[in-house]
Amino acid sequence: MNSVFVYCEIEGTTVADVSIELLTKGRKLANTLGVQLECICAGSGLEGVEKQVMKYGVDKVHVFDAEGLFPYTSNPHTALVVNLFKEEEPQICLMGATVIGRDLGPRVSSALFSGLTADCTELEIGDFEMTVGKGADGKPMKKHYEDQLLQIRPAFGGNIVATIVNPEHRPQMATVRSGVMKAEVLDENYKGEVIRHDVAKYVPETEYVVKVIDRHVEAAKNNLKGAPIIVAGGYGMGSKENFDMLFDLAKVIHAEVGASRAAVDAGFCAHDLQIGQTGVTVRPKVYIACGISGAIQHVAGMKESGIIISINNDENAPINAIADYIINGTVEEVVPKLIKYYKKNSK
Amino acid sequence: MKIVVLAKQVPDTRNVGPDAMTPEGTVNRAALPAVFNPEDLNALEQALRLKEQFPGSTISVVTMGLPKSAEVIREALYRGADAGYVVTDRCLGGADTLATSYTLSQAIRKIGDFDIILGGRQAIDGDTAQVGPQIAEKLGLTQVTYAEEILSVDPENKKIVIKRHIDGGVETVEAPLPLVVTVNGSAAPCRPRNAKRVMKYKNATAAAERTPATAEKYAALIAKKPFLDITQWGAADIDADPAQIGKAGSPTNVKAVQNIVFKAKDSRTMTSSDADVEGLIIELLNEKIIG
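Top to bottom, those sequences are chains A and B. Numbering follows this note's numbering, in which position 49 of the first sequence is assigned residue number 49; successive positions increment by one, without gaps. Counting from 1 along the second sequence, just add 1000 to a position and that's the residue number in this note's numbering.
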């Protein structure tokens, strides 16, 4: 009854990392609520897909296996999720804040008239009171809500953090970026149920309207998510030429290069280097922030770093408040010195 | 072809200055300039290219917002759009993405005849990317999100081929017309204003922008040139269900807003001198933090 659902994204026949991370989060939410965790796996050739997900604590795996469900297109996946949800009436549905999740989530929420919060950085269960209009006496009327999903996300260019709730509509839907939640195997031998659905009952033939005629997926060019050391540049790098110094530093100290959104928007580097709420979330041992002021959206993607070193000529830069080491100086001056003294002392 | 472009006027959150937040921790909207949502401009460019390719096409731009959001309509007219619609009404305030998409879908229904609806992938004040797909769902259309380029259109057979981004790659899809397409910021940038069109449309206004002092002047202009009257619709004009607009039509509620103050850590501050930088490197190496 009123389970927590995770929509599992599938590339080929492999469940995406982000979906696995959400299964772990979903398991915790389901435990708090005392309900079951269920997931949807939709694609082609999915025999045995449950082996990839069950161990994260899934009680029911809903498998939709049919030609035409991979590669993903909007309408068939919307139809199967919406029709399944009409039967199952979940209270929570989590999806990756990926191209697929951000294509599917809004369509499902529109069809079910349920609230959807994009790019959450934290999800919790909680109680609260909210004003729901005015009473007969003209005074605000409060209503108490229990066991609600609190959807927490930075908003407004990262200047505020908002907690979003949708108390009157189900399911409560949220998307979360890859790397924000942590995947943990619950039990290698976890016993859940596998339900193989008749796809035609959920997806009318007329829904297969978009044809994928060509498709190229490349493995990620960088290894930001797994890197032990990250050198990241912000708008304060000043130019593409200056930003390129970070690649030199990274090469010397065996690090990966990342960037803030401002640096990406300014054209200093490629989009896939972006760290933060709308980019990659990282947890390196060492994070060297070069000319990054530290908007909340950026910090949301790197605050779990072990040691944070901030190089900034603005001593009041917000990022300095979470830094372990602060170097007051310009990046032009400090970055070459880091390279020089690392080479000198690392023998 | 009949093309609809969705545009939003947004506070420019890309260049947030120190005065963007009030001391109470709320957003100081007055300190942020209002701009044409950047990815909506990418969408407009795709529309303008279709119009060039299919002479006789028309581009209608739709926006929902405060009366001053008519500014984005004028901007689109300067760059080549043919008509604009401002949906503005007090009862539309407090809308989340679902109520917004319902309202815009009602406006699009009223415009009626269309082959393609284009919009930016997302707006920079919310970054949700939800309104495009929700409009598609409400109008019973399919969608192509994260579009990079429209490669070809076959109006006769009602087919469109689009290159789009996916996670870690690109794909090319063929979809039926009509549909909703949302365009990425990495798509071709929008062409600049055209000087002749600026002259033609600089006095174009929506009724809500006109004050008692200027009403007479604009009425005289519109009498001569009807295209200077930007169509303005309220909730009643688009036959909107009161339960689906504004706050009532919004399942999501903002429970709390917090201005984030980072907790200060124990930190060491140093200068950029050679001695300080070398000292730090030696310390990090000795403690096996790097190296």
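Just so you know, not all the hints are guaranteed correct.
Stated by the list, open to error - Covered stretches of chain A (in silico footprint by chain B; criterion: 3 or more residues with CB under 8 angstroms from a CB of chain B, positions within the stretch not fixed):
no., segment
1, 74-83
2, 105-114
3, 181-188
4, 191-199
5, 332-341
What the hints assert, rightly or not - Now the in silico label distances, taken between C-beta atoms and shown as ranges:
no., chain 1, residue 1, chain 2, residue 2, range
6, B, V1170, A, E168, 35 to 43 angstroms
7, B, A1031, A, F247, 15 to 23 angstroms
8, A, T13, B, N1157, 39 to 47 angstroms
9, B, M1270, A, N2, 27 to 35 angstroms
10, A, N222, B, Q1258, 48 to 56 angstroms
11, A, K340, B, K1159, 38 to 46 angstroms
12, B, A1256, A, G133, 51 to 59 angstroms
13, A, E168, B, K1159, 37 to 45 angstroms
14, A, E168, B, G1169, 34 to 42 angstroms
15, B, K1225, A, N316, 48 to 56 angstroms
As the list claims (entries may be wrong) - Below, a list of computed lysine to aspartate or glutamate pairs in the EDC-like style, where the Cα atoms sit at most 20 angstroms apart:
no., chain 1, residue 1, chain 2, residue 2
16, B, K1288, A, E256
17, A, K28, A, D17
18, A, K251, B, D1089
19, B, K1163, A, E256
20, A, K344, B, D1276
21, B, K1247, B, D1266
If you are wondering where the hints come from, they were derived from the structure by calculation, not from laboratory data. Here the structure is a predicted model, which is why all the values come from computation and not from measurement. Note that beta-carbon positions come from the ideal geometry of N, C-alpha and C, so glycine has one too.
Here is what the structure says about each hint:
Check on the segment 74-83 of chain A: 3 of its residues sit with their Cβ under 8 angstroms from a Cβ of chain B, so the three-residue criterion for coverage holds. Remark: the segment 105-114 of chain A is confirmed as covered by chain B, as 8 of its residues place a Cβ nearer than 8 angstroms to a Cβ of that chain, reaching the required three. As drawn, the segment 181-188 of chain A meets chain B at 0 residues by the rule of a beta-carbon pair under 8 angstroms; below three, the given contact is violated. Here the segment 191-199 of chain A counts 0 residues with a CB under 8 angstroms from a CB of chain B, which misses the bar of 3, and the coverage is violated.
With 5 residues having a Cβ less than 8 angstroms from any Cβ of chain B, the segment 332-341 of chain A passes the three-residue criterion, so the hint holds. Remark: the range hint 35 to 43 angstroms for V1170 of chain B to E168 of chain A is upheld by a beta-carbon distance near 40 angstroms. Taking the beta carbon of each, A1031 of chain B and F247 of chain A are about 36 angstroms apart, not inside 15 to 23 angstroms as hinted. For T13 of chain A and N1157 of chain B, the hinted distance range of 39 to 47 angstroms is not satisfied, since their beta carbons lie about 34 angstroms from each other.
Our hint of 27 to 35 angstroms for M1270 of chain B and N2 of chain A is violated, since their Cβ atoms are close to 55 angstroms apart. Evaluation of the 48 to 56 angstroms hint for N222 of chain A and Q1258 of chain B yields a failure: the beta carbon distance comes to about 32 angstroms. A hinted range of 38 to 46 angstroms is violated for the C-beta pair K340 of chain A and K1159 of chain B, which are about 60 angstroms apart. Taking the beta carbon of each, A1256 of chain B and G133 of chain A are about 19 angstroms apart, not inside 51 to 59 angstroms as hinted.
For the pair E168 of chain A and K1159 of chain B, the supplied restraint of 37 to 45 angstroms holds, since their beta-carbon distance comes to about 41 angstroms. About 39 angstroms separates the C-beta atoms of E168 of chain A and G1169 of chain B, a value consistent with the hinted range of 34 to 42 angstroms. For the pair K1225 of chain B and N316 of chain A, the supplied restraint of 48 to 56 angstroms holds, since their beta-carbon distance comes to about 53 angstroms. Of the pairs offered as hints, the one joining K1288 of chain B and E256 of chain A holds, with about 18 angstroms between alpha carbons and a cut-off of 20 angstroms not exceeded.
Simply put, K28 of chain A and D17 of chain A have alpha-carbon atoms about 17 angstroms apart, close enough for the 20 angstroms limit, and the pair holds. Restraint check: the Cα-Cα separation between K251 of chain A and D1089 of chain B comes to about 56 angstroms, which exceeds 20 angstroms; the hinted pair is violated. A hinted pair counts as satisfied when its Cα atoms are at most 20 angstroms apart, and K1163 of chain B with E256 of chain A does not qualify at roughly 30 angstroms. With a CA separation close to 15 angstroms, the supplied pair K344 of chain A and D1276 of chain B stays within the 20 angstroms bound.
For the hint linking K1247 of chain B to D1266 of chain B, the alpha-carbon distance of about 44 angstroms lies beyond 20 angstroms, and the restraint is violated.
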